[in-house]
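**Q** Listed here are the chains, written in short residue letters.
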Amino acid sequence: MGNIFKDKLFGLVVPLIAIGFGFLAGGVIMLLSGNNPIDGYVALMQGVFGEVYYFGETLQRMTPLIFSGLAVAFAFRTGLLNIGVEGQLIVGWFVSVFVGIVIEAPMIIHLPLAILAGALAGALWGFVPGILKAKFQVHEVIVTIMMNYIAMHVVNHFIRNFMLESGQRTAFINDSASLSSDFLTSITDFSRLHWGFLIAVAACFVMWFILWKTKKGFELRSVGYNKHASSYAGMNVNMNIILSMSVSGAFAGIGGAMVGLGTYNYANILPSFTNLGFDGIAVALLGSSTSIGIFLSAFLFGGLKEGANNMQSQAGVAPELVEIIIALIIFFVASSYLIRWIYSRLQSKKEGK
Amino acid sequence: MEYVIEMNNIRKEFPGIVANDNITLQVKQGEIHALLGENGAGKSTLMNVLFGLYQPEKGEIKVRGEKVDVTDPNVASKLGIGMVHQHFMLVQNFSVTENIILGSEPTKRGSIDLRKAAKDVADISDQYGLRVDPTAKIEDISVGMQQRVEILKTLYRGAEILIFDEPTAALTPQEIKELIQIMKNLISEGKSIILITHKLKEIMQVCDRCTVIRRGKGIGTVNVADSTENSLAEMMVGREVSFEVEKTAAIPKDQVLSIKDLIVEDARGIEVVDGLNLDVRAGEIIGVAGVDGNGQTELIEAITGLRQPKGGTIHVSGQDITSYKPRKVTEAGVGHIPQDRHKHGLVLEFTVGENILLQTYYQKPFTKNGVLNYPKMYEKARQLIEEYDVRTPNEKTLARSLSGGNQQKAIIAREVDRSPDLLIAAQPTRGLDVGAIEFIHRKLVEERDKGRAVLLVSLELDEVLNVSDKIAVIYEGKIVALVDAKDTNEKELGLLMAGGKKGVGETK
Chain A
1 MGNIFKDKLF
11 GLVVPLIAIG
21 FGFLAGGVIM
31 LLSGNNPIDG
41 YVALMQGVFG
51 EVYYFGETLQ
61 RMTPLIFSGL
71 AVAFAFRTGL
81 LNIGVEGQLI
91 VGWFVSVFVG
101 IVIEAPMIIH
111 LPLAILAGAL
121 AGALWGFVPG
131 ILKAKFQVHE
141 VIVTIMMNYI
151 AMHVVNHFIR
161 NFMLESGQRT
171 AFINDSASLS
181 SDFLTSITDF
191 SRLHWGFLIA
201 VAACFVMWFI
211 LWKTKKGFEL
221 RSVGYNKHAS
231 SYAGMNVNMN
241 IILSMSVSGA
251 FAGIGGAMVG
261 LGTYNYANIL
271 PSFTNLGFDG
281 IAVALLGSST
291 SIGIFLSAFL
301 FGGLKEGANN
311 MQSQAGVAPE
321 LVEIIIALII
331 FFVASSYLIR
341 WIYSRLQSKK
351 EGK
Chain B
354 MEYVIEMNNI
364 RKEFPGIVAN
374 DNITLQVKQG
384 EIHALLGENG
394 AGKSTLMNVL
404 FGLYQPEKGE
414 IKVRGEKVDV
424 TDPNVASKLG
434 IGMVHQHFML
444 VQNFSVTENI
454 ILGSEPTKRG
464 SIDLRKAAKD
474 VADISDQYGL
484 RVDPTAKIED
494 ISVGMQQRVE
504 ILKTLYRGAE
514 ILIFDEPTAA
524 LTPQEIKELI
534 QIMKNLISEG
544 KSIILITHKL
554 KEIMQVCDRC
564 TVIRRGKGIG
574 TVNVADSTEN
584 SLAEMMVGRE
594 VSFEVEKTAA
604 IPKDQVLSIK
614 DLIVEDARGI
624 EVVDGLNLDV
634 RAGEIIGVAG
644 VDGNGQTELI
654 EAITGLRQPK
664 GGTIHVSGQD
674 ITSYKPRKVT
684 EAGVGHIPQD
694 RHKHGLVLEF
704 TVGENILLQT
714 YYQKPFTKNG
724 VLNYPKMYEK
734 ARQLIEEYDV
744 RTPNEKTLAR
754 SLSGGNQQKA
764 IIAREVDRSP
774 DLLIAAQPTR
784 GLDVGAIEFI
794 HRKLVEERDK
804 GRAVLLVSLE
814 LDEVLNVSDK
824 IAVIYEGKIV
834 ALVDAKDTNE
844 KELGLLMAGG
854 KKGVGETK
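These protein sequence lines map, in sequence, to chains A and B.
No gaps in the numbering here: position 254 of the first sequence is 254 in this note's numbering, and each next residue is one more.
Start counting at 1 in the second sequence, then tack on 353, and there's your number in this note's numbering.
These are calculated hints, taken from the structure and not from any lab test.
Worth double-checking, as some hints may not be accurate.
[To be verified] In silico PhoX-like pairs for lysine-lysine, Cα to Cα no more than 25 Å straight-line:
(1) Lys681/B - Lys215/A
(2) Lys733/B - Lys213/A
(3) Lys729/B - Lys213/A
(4) Lys215/A - Lys696/B
(5) Lys552/B - Lys844/B
(6) Lys796/B - Lys216/A
(7) Lys678/B - Lys216/A
(8) Lys678/B - Lys215/A
(9) Lys681/B - Lys135/A
(10) Lys227/A - Lys213/A
(11) Lys227/A - Lys600/B
(12) Lys216/A - Lys600/B
(13) Lys227/A - Lys678/B
(14) Lys411/B - Lys216/A
(15) Lys530/B - Lys796/B
(16) Lys530/B - Lys216/A
(17) Lys215/A - Lys844/B
(18) Lys749/B - Lys213/A
(19) Lys831/B - Lys216/A
(20) Lys135/A - Lys678/B
(21) Lys696/B - Lys135/A
(22) Lys733/B - Lys216/A
(23) Lys663/B - Lys831/B
(24) Lys213/A - Lys717/B
(25) Lys215/A - Lys749/B
(26) Lys729/B - Lys215/A
(27) Lys135/A - Lys663/B
(28) Lys227/A - Lys552/B
(29) Lys729/B - Lys216/A
(30) Lys844/B - Lys227/A
(31) Lys796/B - Lys600/B
(32) Lys216/A - Lys135/A
(33) Lys530/B - Lys215/A
(34) Lys663/B - Lys215/A
(35) Lys749/B - Lys227/A
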């Protein structure tokens, strides 16, 4: 009975310890590479909080991460591993930009339409692996990985052949479909912060609401925990799998729309994956698939990536170090079993004495 | 020294709960010592203390008269203590021999000496009469043989004292007989055995002495020869228990369930239900008796919509439900207590309340416009928890943390509360202790008296005989006999279940 409380507490302890270990190990690496870790971390912190510009950019960076984190988490709650967030995000980005360019309408119609188009594109990209899983038991991991490549190359094809404007990118979207905000830009010293951030915050709430407050969410979670009991209780397991993948894809698609309509206002030929989708896996993992957790870990990862710039210019630490820290944090979260084991060892030692 | 194991005044606490409170267990050399208690009484905790998985707060452990500190299972192993776990710890795609030597492999020049291992295993299995095929893979052998592999594992590591944790839970009657013989062989070879169980019959059959614990407290140790099933049950539960299910004669009314020429294939495509006919009327309990694997599972799955029949029809209260999906079957008035409560009955990571609402969450007032009304749900859950005496800290506790009996009560609350015309109870008391069994049997009879049709499917003959009004014997996918529970006995049923007297009393 006391275990429940312990488990809840543990859900918080493991990510925190993992983050601590990650930074610790990062410090050691800085030492080994001849840098002063304290200087490095001070520069990193200043690179996030030191100027409003940095902070604005951090929020801008975390916006798509929130969406990709939510997408991964939503599928995961239904027992599915959506590795295809990257591809869903790419198609969402492209389709929303496409709508943003070709349609002329007042903002009140145009902007929601563009976002919705991105969501639908992402949903379609999630629907395909969903239906293959439900109907033919094809593992979603394989299909979603392949769908990533399809997404990237199809989008590149369309841009290259039909929409190329200058260099590697499309034309800018019409202002009526843009999330850019003069107001947000001006208060953050001309960062690229846009309204999408608020939409991301709202999306956190939406996911929480769907999963924990609605009938569908009840079914999705039930299917995620126990397919057999769910079908015994009359739930349509296959429908829920398809739905979950589609909604997950929609989250990712909106994430892409945020990048396309907010950060860049165009789409470009991608030489490689954006990694925004793949980072979503890390965000969801560190945030233990909860809305609040995802928001916080998206902030952490967004901050790390933003702060890396300043860390390089001020303390001379290679920005790749941040990637190492992120990788280590994920490593430690994934090895929570190890942390648990060490923790219980310490605990029983204490009891033994 | 007379005692091979002494656990004196053991106390083990977990946050907020005392799992073992001053328990003493003394096992003599060469005896089978039963450790009896209800689910959650603290039997497993005590054995985990002995096995080194937990450290006690108070008390001492002596092995062969010497005080020892069992700090982890390796120490226990060195002391000659071996545990045969209830849930086998075997590698499915390894051979029997590989599983037995796992962790203490004999090596020759750095590589595993499989030939020596196979010989050692054969020697031990000969010595104790433990028949196994050393080269067979675990996934291909029966549960009974898997258990023998578990026993061999402990013997291979030189165990002198064997702990059996609920060893008969997963076995067929025949396998239980063999196991009892194995235990007797072990004793005659000088081993000592601690048998954790709540099955009184087995204690009476094989054990020399019995230590009873109740709610974490040691109640005492008795000689089995001086006790009866009733006296042991009383010690365990703390009050008198009745094994007889009290009930009046059934008054059958309208036909509720009618199954005609039902054919159902199992997952491999074999017709395991093969032209089955069965009727159940309101106000009666029909028990389906049969050896496991004669189509019981598939029969239930077909009725409840989890498996699509290949042929035949199923009617409930006149409604043809043959091709219905589970939810429509439920709504047609069928309640189902599934045989595997962890697989089908519960979502263990959901709260007790959510599980109680698992069949009705989508209905008003629990869902309105697609949004759940949790306060209403939990209000309903609280009411049922109270009514069905589900012992849980509260309705928001995870179902996983409840004892088996209380999990089953939650399922029964959910299924019975909907007032289904037909209540299907599949192995409703499997793995439960006396108190919970009593409760469940009483509930089934109560439902019958309220005019429900009850279909009880069980592998326990006692249960079928005690609870049912009529018994349908299932053999190779057909009902081969329908007998009055009053007019039959275990022996006759046993014969019928084995396919004997085939054709006599066949229902058509």
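**Q** Indicate, hint by hint, whether the structure satisfies it.
**A** Hint check results:
1. Lys681/B - Lys215/A: holds, 18 Å
2. Lys733/B - Lys213/A: At roughly 17 Å apart (the allowed maximum being 25 Å), Lys213/A and Lys733/B satisfy the hint.
3. Lys729/B - Lys213/A: holds, 13 Å
4. Lys215/A - Lys696/B: Holds. Lys215/A to Lys696/B sits at ~22 Å (cutoff 25 Å).
5. Lys552/B - Lys844/B: holds, 20 Å
6. Lys796/B - Lys216/A: violated, 33 Å
7. Lys678/B - Lys216/A: Roughly 18 Å separates the two Cα atoms, so the pair holds.
8. Lys678/B - Lys215/A: holds, 19 Å
9. Lys681/B - Lys135/A: Within the cut-off at roughly 22 Å; holds.
10. Lys227/A - Lys213/A: At roughly 20 Å apart (the allowed maximum being 25 Å), Lys213/A and Lys227/A satisfy the hint.
11. Lys227/A - Lys600/B: Given pair Lys227/A, Lys600/B is violated - Cα atoms ~38 Å apart, limit 25 Å.
12. Lys216/A - Lys600/B: violated, 43 Å
13. Lys227/A - Lys678/B: The hint holds at about 15 Å.
14. Lys411/B - Lys216/A: violated, 50 Å
15. Lys530/B - Lys796/B: violated, 31 Å
16. Lys530/B - Lys216/A: violated, 49 Å
17. Lys215/A - Lys844/B: violated, 51 Å
18. Lys749/B - Lys213/A: This hinted pair holds, its Cα atoms lying about 15 Å apart.
19. Lys831/B - Lys216/A: Violated, at roughly 40 Å.
20. Lys135/A - Lys678/B: holds, 17 Å
21. Lys696/B - Lys135/A: holds, 22 Å
22. Lys733/B - Lys216/A: Holds: Lys733/B and Lys216/A sit about 20 Å apart, inside 25 Å.
23. Lys663/B - Lys831/B: holds, 15 Å
24. Lys213/A - Lys717/B: With Cα atoms ~15 Å apart, Lys213/A and Lys717/B stay inside 25 Å; holds.
25. Lys215/A - Lys749/B: Holds - the C-alpha atoms of Lys749/B and Lys215/A are around 18 Å apart, at most 25 Å.
26. Lys729/B - Lys215/A: At roughly 13 Å apart (the allowed maximum being 25 Å), Lys215/A and Lys729/B satisfy the hint.
27. Lys135/A - Lys663/B: holds, 21 Å
28. Lys227/A - Lys552/B: Roughly 32 Å separates the two Cα atoms, so the pair is violated.
29. Lys729/B - Lys216/A: holds, 17 Å
30. Lys844/B - Lys227/A: Not OK: Lys844/B and Lys227/A at ~40 Å, beyond 25 Å, violated.
31. Lys796/B - Lys600/B: Given that 25 Å is the threshold and the Cα spacing comes to 11 Å, the pair holds.
32. Lys216/A - Lys135/A: holds, 20 Å
33. Lys530/B - Lys215/A: violated, 49 Å
34. Lys663/B - Lys215/A: Given pair Lys663/B, Lys215/A is violated - Cα atoms ~33 Å apart, limit 25 Å.
35. Lys749/B - Lys227/A: Satisfied, since the Cα-Cα distance of roughly 21 Å is no more than 25 Å.
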